[in-house]
Structures are given as C-alpha cells and as structure tokens.
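Q: Protein sequence lines, in the order shown, are assigned to chains A and B.
Residue 127 is where the first sequence ends in numbering that gives the first Met the number 0, and the numbering goes up by one at each step.
Residue 141 is where the second sequence ends in numbering that gives the first Met the number 0, and the numbering goes up by one at each step.
Because the hints were derived from the structure by calculation, they are not lab data.
Honestly, I wouldn't trust all of these hints.
Reference excerpt, derived from the structure (chain B facing chain A, CB under 7 Å, subset only) [said to hold, decoys possible]: (1) Gly40; (2) Glu42; (3) Ile43; (4) Val74; (5) Glu78; (6) Ser80; (7) Val87; (8) Leu88; (9) Arg90; (10) Arg92; (11) Gly119.
Just some of the chain A residues that point at chain B, by a computed CB distance under 10 Å [what the hints assert, rightly or not]: (12) Asp36; (13) Tyr38; (14) Glu41; (15) Arg45; (16) Leu50; (17) Val60; (18) Pro112.
We put the CB at the ideal spot given by N, CA and C, even for glycine.
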Amino acid sequence: MKTKELTKTEHEDQVANTSGRGEVSRMEETRIRPLADVYRDEHAVRILLDLPGAADQDVDVSVHDGVLAVEARTERSPEDVRIYERSFRLDRRMDTSAIEAELQRGVLALRIPFLEEARPRRIEVKSA
Amino acid sequence: MVNVRSPWVFQDLVEELDRMTRDMGWAFGGTSSYPESVVSGLEIQDDEARLNLDLPGVQESDLELVLEDNLLKVVARREDSHLEAEDVLLRERSFGEFSRAYRLPWTVREEDVEARFEKGVLHLRLKRAPESAPRKIQITTK
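The task is simple: from the sequences and hints, build the whole structure.
A: Pasting the structure below:
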C-alpha cells in the first residue's frame, strides 16, 4: 500500500491521466464509490472503506492540498476490473503526515491523528 | 484541574468531495453505483455455477453456507465498527446479519463444492449432480 504526499506536478499528472478522453474509452473499468464510515475521537479521525477484493498493492492513498484520496484498482478477471475511488477534505488541524493505513478482509482502515497543538489539553488551574 | 476542550465543529472536520467524483464519473461515462455483477454475482452454466459475493469485513467464522438440493443460502454477520468513545461523522457501511438465498436450476453435488473466502470476497464453485438414471418399471400382466 502506498501512502504519499503528492507534489503538485504528480497530482496534475494524475488529473490529466484520468480526464483524458482517449484514456477512458480504452478501458473497460467500472468505477465504484466505496461505502464509508467516518468516526472521530479526541485523538484522531478514523475512516473505514469497503474495498472487497483489494490487496495491499492495489490501494493508493494520497493527500494533496488537504484532500485525502483513496483509489484501489482490482482486477478479478480481464472483464471485471473495478476502480474504487473516494475523496475526503480534511480539516487543517489534522496531521496528514502521520496517516496510518491498514487493509484487512477487504476493508481499508485509515487513522488520521489531529496535530499535537490542536488536541484537547488539560490545563492546570493553580489557586493563588 | 479543569478539562478544556477545543471547540470542534464536527461537520467541518471531514468534508466529502464525492459530488465532484460523481460528476466526473458521469462526464467520463463511468458510474457511481455498483455494477449488476456485484449485486447478483451468480453465473450459472449447464453443469457448473460460480458465485462471487462481496462480504468485506466479515470474519470467516461469521460466515455460513447452507446447501439443500438446489437451494444455496449464504449467511454472514458483520461486526459494528463503531467504538463507544467515538463520534459518528458518517455511517454508510451496514452491520449485523446478512442473508441471501440462491436457487439453482439443478441439484448441486454436495461433496464437490469449492468455497474460498479471500480479501472480503466469497468465491463459490458449485457443480451439478448427475441426474439419477432413468428407471425402467416392470409391468406385470396377469
């Protein structure tokens, strides 16, 4: 599984690749918007995505300009190629450099922690 | 000790870009919905049938297959992923029991069923039982 911070050029390349008319007409792929759960506690946001049939190497998780994008390409047979894609805009208080990703039984679990300074703090109150 | 919580605005935390993805999907001739094959997942031939069923997140121990002549029943249970300490921002994935029955046009050879559960997908291969040989009935005359 690849988790990376995209540079601007890489991102533009990706957009160019997916929006090229010729590129799409060649492919016999089904694009699927995977079902998702999003939970949060005081430390992190947890995103779960159903990606049945996906192996580690099929999944691509990237963050660019505060947008978390998940793409997975599964090829069950030459006639059954599925591309799962879904994006989420992340709050800027989230630490995108510390994203954890785990794929188990076709479910991708992402954990995105809040930045240290954005976490709730306990403040000691001293009496005079 | 005073517990100070930062004033989170929950809805602001995760904003989806799905609409954009969907619109792009339409623009390029794609689709945002599940293809037919995912829903049915059953391919029936003359003497063999294959079933591919998406059951992401299901544990093998929570999966049950029942076969009775030409009726196949799949029962699966998926755990609730939500932890008690968490707030729910979005919930689309269902949990609990899932059950689906498939009726085949012929009787299945029970001893020859192939079942594989991999990466959240159940793969089944069922073979047709040989027909019982035609039986001649003796007619007795008085």
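Q: Against each hint, give a clear statement of whether it holds in the structure.
A: Hints and how they fare:
1. Contact between Gly40 of chain B and chain A, as hinted, is not supported at the beta carbon level, the nearest pair being about 10 Å apart and thus beyond 7 Å.
2. Because the closest C-beta pair between Glu42 of chain B and chain A is about 11 Å apart, greater than 7 Å, the hint is violated.
3. Interface hint status for Ile43 of chain B: violated, as the beta-carbon distance to the closest one in chain A is roughly 17 Å, over 7 Å.
4. Proximity of Val74 of chain B to chain A is violated relative to the hint, the smallest CB-CB distance being about 17 Å (cut-off 7 Å).
5. Given the 7 Å rule on beta carbons, the hint for Glu78 of chain B is violated: about 11 Å separates it from the nearest Cβ of chain A.
6. Residue-level restraint check for Ser80 of chain B holds (minimum Cβ-Cβ distance to chain A is 5 Å; threshold 7 Å).
7. The interface hint given for Val87 of chain B is met, as the beta carbon of that residue sits about 6 Å from the closest beta carbon of chain A, less than 7 Å.
8. Hint status for Leu88 of chain B: holds, given a least beta-carbon distance of 4 Å to chain A, under 7 Å.
9. This hint holds: Arg90 of chain B has a C-beta 5 Å from the nearest C-beta of chain A, less than the 7 Å allowed.
10. Residue-level restraint check for Arg92 of chain B holds (minimum Cβ-Cβ distance to chain A is 5 Å; threshold 7 Å).
11. Interface hint status for Gly119 of chain B: upheld, as the beta-carbon distance to the closest one in chain A is roughly 2 Å, under 7 Å.
12. Using the Cβ-Cβ criterion of 10 Å, the hint placing Asp36 of chain A at the interface with chain B is satisfied: the shortest such distance is roughly 5 Å.
13. Nearest Cβ of chain B to the Cβ of Tyr38 of chain A: about 4 Å, under the 10 Å cut. The hint holds.
14. The interface hint given for Glu41 of chain A is met, as the beta carbon of that residue sits about 8 Å from the closest beta carbon of chain B, less than 10 Å.
15. With a cut of 10 Å, the hint placing Arg45 of chain A at the interface with chain B holds, because the nearest CB-to-CB distance is about 7 Å.
16. At its closest, the beta carbon of Leu50 of chain A sits 7 Å from a beta carbon of chain B; the interface hint therefore holds under the 10 Å criterion.
17. The interface hint given for Val60 of chain A is broken, as the beta carbon of that residue sits about 15 Å from the closest beta carbon of chain B, more than 10 Å.
18. A cut of 10 Å between beta carbons decides the hint on Pro112 of chain A: the least distance to chain B is about 12 Å, and the hint is violated.
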